[in-house]
Structure formats: C-alpha cells, structure tokens
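Now for the letters of each chain:
Number of protein chains: 2
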Amino acid sequence: MRKILVFVVFAALFVHQPLSAQKTITGFSEKTSAAQKQREQKFDALLSAERIGQTIKDLSSAPHHVGSPGGKVVADKILTKFKSYGWDAKIETYQVLFPSPKTRVLEMLSPTVYKALLKEPALKEDATSGQEDQQLPTYNAWSADGDVTGDLVFVNYGLPGDYEILASLGIDVKGKIVIAKYGRSWRGIKPKVAQEHGALGCIIYSDPKDDGYYQGEVYPKGAFKNEYGVQRGSIMDMVIYPGDPLTPGIGATENAKRLDRLEAPNLLKIPVLPISYHDAQPLLEALEGPVAPADWRGALPFTYHIGPGKTKVHLKVDFDWKLRPAYDVIATIKGSQYPDEWVIRGNHHDGWVNGANDPLSGMASELEEAKAIGELVKTGWKPKRTLVYCAWDAEEPGLIGSTEWLEDHIKELQQKAVVYINTDASARGFLSVEGSHALETLVTEISKEVEDPQTKVTVFERAKAENTVSASSAKAKKEAMDKKMFEVGAMGSGSDYSSFIQHAGIPSLNIGFGGEDAGGEYHSIYDSYDDYTRFKDPGFVYGIALSKTAGRAALRMADAEALPFDFRSLYKTVDGYVKDLMNQADQMRESTAVENEVIRSNSYALANDPKKNIKAPLPKEEVPYLDFSPLQNALKEFKKTTDDFAQLQDKFKKDSLDHAAMNKVLYMAEQRLLSESGLPRRDWYKHTLYAPGFYTGYGVKTIPGVREAIEQRNWKEAQEQIHIVADAILNLSAYLEHSFGAPPPMPQD
Amino acid sequence: MRKILVFVVFAALFVHQPLSAQKTITGFSEKTSAAQKQREQKFDALLSAERIGQTIKDLSSAPHHVGSPGGKVVADKILTKFKSYGWDAKIETYQVLFPSPKTRVLEMLSPTVYKALLKEPALKEDATSGQEDQQLPTYNAWSADGDVTGDLVFVNYGLPGDYEILASLGIDVKGKIVIAKYGRSWRGIKPKVAQEHGALGCIIYSDPKDDGYYQGEVYPKGAFKNEYGVQRGSIMDMVIYPGDPLTPGIGATENAKRLDRLEAPNLLKIPVLPISYHDAQPLLEALEGPVAPADWRGALPFTYHIGPGKTKVHLKVDFDWKLRPAYDVIATIKGSQYPDEWVIRGNHHDGWVNGANDPLSGMASELEEAKAIGELVKTGWKPKRTLVYCAWDAEEPGLIGSTEWLEDHIKELQQKAVVYINTDASARGFLSVEGSHALETLVTEISKEVEDPQTKVTVFERAKAENTVSASSAKAKKEAMDKKMFEVGAMGSGSDYSSFIQHAGIPSLNIGFGGEDAGGEYHSIYDSYDDYTRFKDPGFVYGIALSKTAGRAALRMADAEALPFDFRSLYKTVDGYVKDLMNQADQMRESTAVENEVIRSNSYALANDPKKNIKAPLPKEEVPYLDFSPLQNALKEFKKTTDDFAQLQDKFKKDSLDHAAMNKVLYMAEQRLLSESGLPRRDWYKHTLYAPGFYTGYGVKTIPGVREAIEQRNWKEAQEQIHIVADAILNLSAYLEHSFGAPPPMPQD
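If you read the protein sequences in the order shown, they are chains A and B. Residues in the first sequence are numbered consecutively from 6, following the working numbering. Residues in the second sequence are numbered consecutively from 6, following the working numbering.
You may find that some hints are simply not true.
Since the list gives no way to pick one copy over another, a pair counts as held whenever it fits inside one copy or between any two copies.
Unchecked claim - Within a straight-line C-alpha distance of at most 27 Å, the following computed BS3-like cross-link-like pairs (lysine-lysine) qualify:
| id | residue 1 | residue 2 |
| --- | --- | --- |
| 1 | Lys327 | Lys82 |
| 2 | Lys28 | Lys489 |
| 3 | Lys226 | Lys617 |
| 4 | Lys262 | Lys387 |
| 5 | Lys179 | Lys129 |
| 6 | Lys42 | Lys226 |
| 7 | Lys616 | Lys453 |
| 8 | Lys489 | Lys453 |
| 9 | Lys489 | Lys383 |
Hints listed in this document are in silico derivations from the structure and should not be mistaken for laboratory results. These figures come from a predicted structure and were not determined experimentally.
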C-alpha cells in the first residue's frame, strides 16, 4: 500500500499522455502547464534572428582557438553578455595541454619531388580568410613530434577492415607512411590503427569524392571544399578518455597532479598531418602497386593505386606542447524552489579558426536563450530549479573545457545535475536529438510545438517526413510514417555531453538542426560568417528554431513539478539493443560457419585471379552460443518496473504538492547504469549503454561492453559484460522499485 | 502400356544421372559413351593454342566490318579454312542495309566553343591502330541523318528511371540534345528513350568511372579506355526485331520485298553520336542547372550538373544508307545416320574495326574445332547428325547475317535444327553459358570435364568457386557451394543466337569465358591482336578451353543416341520465374500502397529542401491481385510430365535401338513454347519464356510478356499474357505426354 501512496504524489504528472489530445505538458499540472506555455510564447517572442546573426558575426570576427588572444576575447565577450542579460556569470579557468605546431613539412622525394603547400589561401569572397597571423595552421592536434621518411601506402579510410584487405594483397605498412582519406570514422581512429599496424606516420587528406567537387561546387562558388581546403582536428585517442590528456578523471586545475605527456595513454606515438586534395594528388598519382579496390577509389582523375612502390615521402612535424588556459564561462540563475537542482545547458566557444558554424551557430542560440530568459526574470518570474548556462573552451582539441569542469565538480554534479543539454554546430534542415532515452517524451512534446522555419509544420512533422521519405523499404517507410514519438538517438562522442553522460551518468540531450547545410568548411579557415550566411542558415531562422527547442527543454526541466523522465522509453530502446545484439551474434555464427566452409572448400584460391596473387582469408574461430538470459531477465524485471508506472497512471489522476523527493530519485536514476569498473581497457567510460566506438570514434556503440567484445570475437569478455550490463539494469530497476516505497537512497560515490 | 513401351527406348539414356559417379555420358550407352570419351580425348589433342593465336592475328590484321574489303577477305579466308579442313563450305550472301557515315560534326557553340575530335589516335604500342584508311570512324550505326542545335541536358544512363528524376527536377528534354553515359543498358535504349521524350539528338559517351582510368590503367599502359577511346556500336531498336531493318521476318535475299527505310519500325528518328571522355569533358563541365544526383556522377574532375543552361551544342551526322553484301560462311559435314538432323554452331566474323576479341576470339575457337573435327573425319569417324558450322557476317550492326539466314531457311531449320551453339568474344576467366534450360544436364557434364587452364580444376569447379565467393549472403554462399548443376542463364540478346531461340524456338546455347579480362577496347580501334595478347587471353589457353567446351557440346549433340534434353531442369527454372513474378507483383502492390500513402501524407513536400524546388511524385495506380493460377496449374501439369520421365528411369535400365522418333520430338519441343502472336508490340519475338528487355536491350526478361506488363503497370495485358504463357507450357506438356503414346506430331508452321 505504501508503494502506491508514495506514487500518488507524481503519477498523474509523470506519465506520458496521448500526444494528439495533449493539453498539458508532461510534468506539469493543467494549471501550471498553461502558465508554462504562456511563458514559452513570451520566450519565443523575445528571440531575435538578427541578433543571432550579429552574435555569430561578432564572435567569428577573428580566430579564437583555445589559448589564443582571440579565444580570450570571445570568452570575455560571452561573460559580458551573460552578465548584461542579468545572469550571475564567471569564468572558471583550467590549465590544459594544447600543442601548437612549430614545424610542418611534407614532401615527396621520389619518383618526383613535390613539396606540399599545407596552406589554405585567403579569398576575396571571404572577409576573415586572410587573418593569417592569427590562424592556426593546418594540422592535427596531438600528432606526436616526428621526422620520418618512408614508402607511401594508400590505406583507404584507414580502418581495421581496410588493413584486412591490405593483408590479402600481401601489403604490410610496417615501417611505411600511410595516407588515408578523411571520412567513415572519427579522424583519430586512422592514425591509431596505422600505429597499431606499425606505420611510421600518417597523412590524412580530404578526397574530392567525399568532400570536394564530386559533392558540389567548391568554395567560394559553392559550399564544398576547394582543392586547398584542409580539415584541421584533434586526433587524441578520445575513446580512451577525453579532456586534458595529463589529468584523466580529475580537473586540470593549476596544481592538479599531471601525467608525463609521453605516458598519457590517449596520445599517439606517430606523426600525423592533414592535407588538401591539391597536396594529396601528386602523392597518390605517383603510387604503384595494385589498383585500389572499387570502393577505395576517390574522385581525383587518375587510377588509384595502393603502393608501395617508388613513392617515398618525408614527414616532419613538431609542436610546442604548452599548457594553456581554458576559459569556461559559467552563468547561473538560481532556482527559486530547488536551488540545488541544476539544469545545465552548454555549447563550446572555441573554434579551430573563425568557427562561425562550429561552434558559434550553437553558441549564439544559447546566448539568445539566455537573453530571453534574463528578460523573463526581469518580469518577476524565476525558474524553480537553478539554470546553469555554460560556454566551454577547448572543445576542439578533445572536449577539454567541459570534461575538466565535469571532473572538477563531479561529486556536486552527480548530486545536483538534473540534466545536461548540449548544442554545437547547427544549421538549416531537420531536428536531430541524441541522449537519455528516458527523456524521449520531453523531446517529443517539444518537437511537436516548435515550428520549422521553412515549411511551417512542426519540426517533429518535418523530421518524420524526412525519415519516411528516406527509409529504404516499404516496411520502414510505413513504420516511420506511423511514429508517434520523436526518436532520440544514442550518444557517441564528438561534443561536450560526453563526460556528463558517459563518465558521470547525468541525463543528457544533444540538440541540433542540419541535413540541408552540407559543405566543406568544417575546421577550415572558410568556416566563416560569409560562408555561414550563404550556405548554412541564411537569415538565422534555424538559430531561432534551436533556441526555441533547447530553450524549452531547459525551461521545462527547470519548472516541471514532476520531472518528465519516462523509463518505459528507455526499456523499449534497450530491449531493441539486446535483440539486435542477439541477432548480430546469430548472424556472425552463421556467416563464420559458412565462411569457414567456403575457405576450407578452397573456393577463394580457385576464384582468385592467378595474376593478382590475392591471399585467401584464414578460417576464424567459430562463434559460440552466448548466454543472453541475464540481460533478458533483467529487462523482464525492468519492464515490470516501468509498467507499474503506467498502471498507477490510470488509478491516480489527482495532483499533489511535493514531488521533490521523487524528482531527486528520477534525475539520479541514470547513474545506476554506470558500472564502477568502466568499460574494458577504458575505464573512464562508465555508462553501460552508450559509448563512442573503440574503432569508430564519434560513432556510438550501444551496450558497448558486449557489442565490442562480440565484434572483436572475445567471447569470454562478451559473456562477462552481459552480466555487468544486466546488473546495471537490475540496479536501476531495484532503485526505482525501492523508491516507490521508501525515501530515495542517496547516491553512493 | 504403350506409353511405357515407347519410353523404354530412351529413358535409360535420357535421364540425368548422379554426376559424382558418372561413368556414362547422358544420351549415350555405356559402350558408346566410352567411345565418345575417347574421341573427345583425340579431339582435345588436335587443338592448338598457337594456331588459335595465329588465326586471331591473321583475321584481325585489317579492319573487317560488313561490306568492307577486309570483311570480304576474312569471309574468304574462313571459307578456305573450312574447305581445307575437309568441310563442305559455301558462302551465302544477303543484301543488307548498312549505313556508313558521310558527315560527323559535334561542336559546343556556347558558353565556349569546342569542336569534338571524334577520333581515336594511332598508338605505336598497337600495330593495327594506324590503319585509318580502312577503319570505320567513331559512330553509332542506325543513327538518323540529322542536323540539330540545342541546349544540352545530361541524362545519366538515359534510362526511363533517369527521366523520372529529371521530371522531379522540372527538367524536360523536349527540343534539347541529351548526353548519356554508356552502361547499365544496351546502348540503343538510350536514344530510344531520349526520342520518346522528345529530344532532338543524343550523344553517348564513355565516362572514365565506368570505362576509363577509374577502373584501372588506360591503354596502352593498361587495359582500360584512354581519354580518346570511343565505343562504336549499333543503336538499331533490336528489341522490336533484329536483322536487316528492311526485311523483318524474311531473308534479305537480292529480290526480297523491302520496306522503305524511313518506315522501318526498328530505326530511330534522331541523330546519335558516341564520343570519348576527352570530347565529353568540356561539354559536361560547361553545364549548369542542378547538381547531378550522387549516383549520376562520373569520374571526371568537376561537379556534374544536369543542365540545361547556356550550353548549346550542334550535332550533324549523315550516312550513305547503302545495301551491302553480307557473307555468311556455312560449312557442313553430313551426318552418317541422321543427315536431316542439324547440329549448328556459329560465331560472327565481322568486327567494328580489327575485332581481335570481338568476334575473332570466338571465331578462332570455332575454326579450331572445325579443324580437329576434320581430322577426326579423316580417321574414318563420321558424326551421326549433320554438323553445320557457320561464320556470320554483319552481327555488329544488328545480328544481321545470322538473322537473315535463319529467316531465309526457317521452315527447314524448324524441322532439322537440333540445337544452335553460339560463341562470340571470349577471354580469360570463368565459364558462362546461357540458353535452353532443358540442356542444363549436357552443359553440366561438359563443364565437369573441361579443365580450367589457370587453376587446373574443372571449369565447373572454378565457376562454382567464383559464384560462392561473390555471393552476397551466407545463405547464398551455402547454396552456391552446394550446387551440383551448372546454372544455365536465360538468353537476352547481343549475339547471333537471338533469332534461333527467340524467333524460331530452336534449342540454343551461348558459351563463353570471361570475368578476368576487363578492359576498354570494346568496339574501338584498340580491340587488336596487341591488346588481346596482353590483356584478354595471353597464350590463347582460354581459346582452347572454349573449343573443348563448345566442341564437346556439338559432338555430343551430333552423336547422342538419345538427345540429352531434360525438361525437369526447364520445369524447375520456369517454376522459379513464376514464383519470382508473383513475388514481384506482391512487392509492387505493397510498395505502391505505402508510397501512395507517403505521397498523400505530404511527406515529400515536407522533406524536400525548399531551395531545390523538387517536385513530389504523383500517386500511382494501386496494383490489383493478378490471377496466376493458369500458370500455376500449367506448371503442375508440366511437372507431372517431367516426373514421368524420372519414374520410368528407375523401371527401365535397358538400352534399345531406335531413338529417332523420340529425338525428333525432343529437339522440336522448344517450338511449343512459341506463341503465334508473339510478344505485344514486337511480334517477331515469339518465345514465351525469354526475350531481351524492351528497356534493357541485351538484358533478358524471363516470361517477358507477363513481366514487362507488370513493370509497365499494364494489368490487363499482364493477365492476358499469363494465359498465353500458361497455354504455351500446357502445349509443351501435352506434346510431350502425347509423344509417350503416339508418333510425334509434325510441327505446324
């Protein structure tokens, strides 16, 4: 009976209602819902597209990478803005390692001599492209210092599967320099896999097929990468841990205990350099050896070969390896009712160069929200919970500003953080949201209220239309068309939410628009205001849509009487993941068995072209049956827990007063999904459901402990991880069940 | 009882035996089988790779297209060879229309001026490439005369689906000139579809992505098409009828009644010209308008646009439209026992230019067989049935030599022709065979005896290995690995078998090797002896394998006591086609219903990028349920008939003497599958099971009447055609059943 009694207090508010007839916002009563909607109307009316444009223009007027004078200027401007909007604002400074290049040389020594330009030219059509004295040159941060000479080998995208093909051709990259295309994985995976295979160095280039004239007109005529454009970027091995490489797990405060740089486990040992397709063309064209397989070939006008041959290159890079200050701007409006419950909203402010799109499009929307909220506060309203609006520094080199702040404040945050809402580069197109699946109802309701600037339907309807049209089968189209919920994606990595969800278990959302804004400006000097206004979000109308969406998420989480976590969505999602894993294991078992039979039948040797000398693959270990029952039983239990909520919904319709205790249970629930030991070989990652893939980088692996063990054919570890994930789900289930009948337990550290 | 009695005479020989333990050849007794195998050993020993090489070198020493002096020389040389081998040989001459160009002009008038070269240069690495005075220039035979100027539009491969995309972009080619890529269909489909859409003219070019440096090193460094290479070829609308356009259905004898050329229904009305990618590049690069969709883009180094814009081109071509003599060389060795049963073997001898690979690789193998057979005859052996070895002229412009001969002799051939065995261009790689499925046992047994020159396993094993390795799923690999039969493909068009099987219902086979011989010489001046010996079949060892395979087929069909037709293979194949058709109709019904729902939901309009102004598709007529039961019932009946054979096999093991009557029933059986009315809108095509696709050209459509009606969404016609095909199958079934108990009926014309 007590169980039910406790539940009276919030069941009516908590549970998701049929959306078509929705009058009230989940988590609000009828009355407070009406007030909230009114406030959101006011909020919308306070937003100005023109001002978003001015903010982007102002903050992108000079290069502003971490540690640069321009970076300090941007942090100070943001601080000033927050204050002028009426927020309590300060800068928290961390001392973080950030290498800036001293030497960059790439030259081909034979069969002909070519010295790479390594430079993006200024363009008259792009006002800020000529600020050479303030620009970071083209490089990959966290490349090792190195001076190497060797034969060149083309390794496609540089992923593990590409090296399997190289092996079948009898090509070994040991002692050689590899050249890989950008794309298909986070860039840091390419040198990591090259290093694993014994390469001396790694060159990464943008092929015009993926990022250049093959895609569309090049800049400045069109949006795509011109022949000199180079993608800068971090190659830190972020899938081990992000943040300052010298201070894993702790804040990089001035006196923090630091690792020796050469011992940092997330830094590579080989030199790496990104180049343009102008610089790549003579190198690739000089290669001999086998013709590259069809899906390796790019859009340069010659036959792609793999090498090695007579193509010898010399790569020399070194860096200053300085500690530099990272300025996190933290602005707060204290909650009137629950000041110790924090709704955190963040976007980074550092760019690789001028960064108009990445990160300033998202940053400008966040600032616009902050201004509107400040105006609302001036009218007398105060949020129930504390709003914490953040502008992170040093995201580009490895999510450093946000990670150090999270690590520095983790105990407090695991007590107080209700949610972390992230944005980053955003532009014209379709809404996409990744994050904690228990927040799917919140996201769905918001997406059904915000209007798409181009089509004037809701952003929900537009995203649904896109999913429907682009679905690959009639069945998938039908399913997409019938979707009532906005599908929240799982979080990998690539922006500042990573430490919040994956290290600390704080419920998170990452919100953005895009899909109609393709281009080649990413991490180049051409990510400028001129480019942005032509190709990304002319009129800044999607900047407004982003403010409306992320702002609503913050405002509703701040003022909800019952926090709108719905674990039924989480159950459904995880149940899908587990079915997918079981299916994957079954398919692997079948395909391994057949493939081994094909190999033993000598079919590869017989089918191969004898002139090409391709090696037949070796048989692989057969796939055993894994015991998935711990996961299945845990999910059965978890389903029961989440169904209890739904049953209570029907029985209790009345409102009540104090949801505080239950809210605290809810927002700390996701921490139950952390495993103390973390993922194998990367214990910084503690979430059992989401992590960036060890060999994909940004790309998510769901239930990563199990999934990656299966992919790596480590059956013992897969079985162990099944138990660990099942325990985490049972832990969450028990925690929720327990809280029905007793005061919520305090989280343990 | 009589039924069984009649069957005694051939059941033991007829039926396919387990191949692993196979001692006797199907159709032969134990004793005659041993003799046959011995004779085949002798036959093999008489073949000479060196001589095949000499033949290719000799016959490719000068250009030899139809009507040329070189063509006459080649025909005479072949005649002389047959005679010298001891065959009765003669030339049958037809007077056929063949247009040769007088004017060829292609120029871009704006935005810049470019005059196309329209010329392949001589290369010092290619000895015959400089014979300019004897070469046909680069052109498409059967282009209309024309002098047109218009805006240029890029139409991808120029297929119906491409025009749907153009329509969605609001682009109409009416009054414009289109430029299409070679590939994805027979070339003649491209101008036909362009004409259907109102285009003034059609340019066809070879994109380096499909046929150039993207695929591998270009000629003469490698095998692929260099920037100046042009694919000549016929654009006759052969899917209406092949052969001389002026004499459909009758032989083009000197005094035959001829159509007015401008009334010939298989000739197009617009000018057409093929060009190199060197000539295409400035035209394509000048195009404006929408960026081409991703799968339209080729490998030239710029952004592909569709146009139209300021790109105006002028195309002028005219032709001499002369009747020219086509010389079919016909060589015979009269059968000792059944002189009026003809085993026909053919290959064409005309080339577009020097034609070392196409057609001389196959021609040389046929001549090598003829020589070896001549030697066998000198030892005293004579084939039981008459061997007719043919060398066709004028295949390249439209299968003309073979078609006119067939049409000229159709009554006699429908009485006497036991089988037609075709070859054409052939080279290094894997055996492939298309043809009458009742001959699958014959093909399988032969493929398990001929050795692959490179791997020394049987050509059956090697083809199976390739099918296994390249299968796309574990299930498909397993199936490929477990295959006991060599899978005979269905015949579309593209070589001289077409009239035999599709017009006259004569059982046919088309045999070739390939798959490791890719290159860009096809229909260019570089299809030369130099190219052939480097890239196609160095050492001419696959020439020998082809002689062994096609020669065995001819020898076994000539000497079998019971002709090895096995209609159970036909039943299985047709049953698969019908299941596939039913499945296709079901999928179309489902996808149309869903797609219409998506369209009505306005999803296209909402998902589209408003800046691109793409039109949403219109709803399509819903797919009704068709009544497939006539086909299902016919197949049920047909299965019973073919199973009767298998049952008899177990009961009667004894040999008998006179199979003559039953053999005649068997070899004329395929004619029962013809429909008198022919296919809709192209009544020359009479076979109900196989035809070239109306919009694919070479590519086969099985059960074409039904399949194409469904594809064209003509439900009424689909239902009518179901009845016609079912009647044909019942006709064959009744004919076979009837022949169990009565003398075989004579075929009716």
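Checked hints:
Taking the closest pair of Cα atoms, Lys327 and Lys82 come within 27 Å of each other only inside a single copy of the chain (25 Å); across copies the shortest separation is 84 Å, beyond that limit. When the C-alpha separation of Lys28 and Lys489 is checked against a cutoff of 27 Å, the pair qualifies only within one copy, where the shortest distance is 16 Å, while the shortest distance between copies is 67 Å. Only between protomers do Lys226 and Lys617 lie at most 27 Å apart by alpha-carbon distance; the minimum there is 17 Å, versus 43 Å within a single protomer. For the identical chains of this complex, Lys262 and Lys387 are neighbours neither inside a copy (40 Å) nor across copies (98 Å), given an alpha-carbon limit of 27 Å.
In the homo-oligomer, the alpha carbons of Lys179 and Lys129 never lie at most 27 Å apart, since the shortest distance is 44 Å inside one protomer and 41 Å across protomers. In this homomeric assembly, Lys42 and Lys226 never come within 27 Å of each other (Cα to Cα): the closest approach is 44 Å inside a single copy and 72 Å across copies. Taking identical chains as interchangeable, the C-alpha atoms of Lys616 and Lys453 lie at most 27 Å apart only when they sit on different chains, with a minimum of 24 Å there against 61 Å within one chain. Within a single copy, Lys489 and Lys453 get their C-alpha atoms as close as 10 Å, which meets the 27 Å cut-off; across copies the closest is 59 Å, which misses it.
In this assembly of identical chains, Lys489 and Lys383 lie within 27 Å of each other by CA distance neither inside one copy nor across copies; the values are 37 Å within and 84 Å between.
Of the numbered hints given earlier, the model fails hints 4, 5, 6, 9; all others are met.
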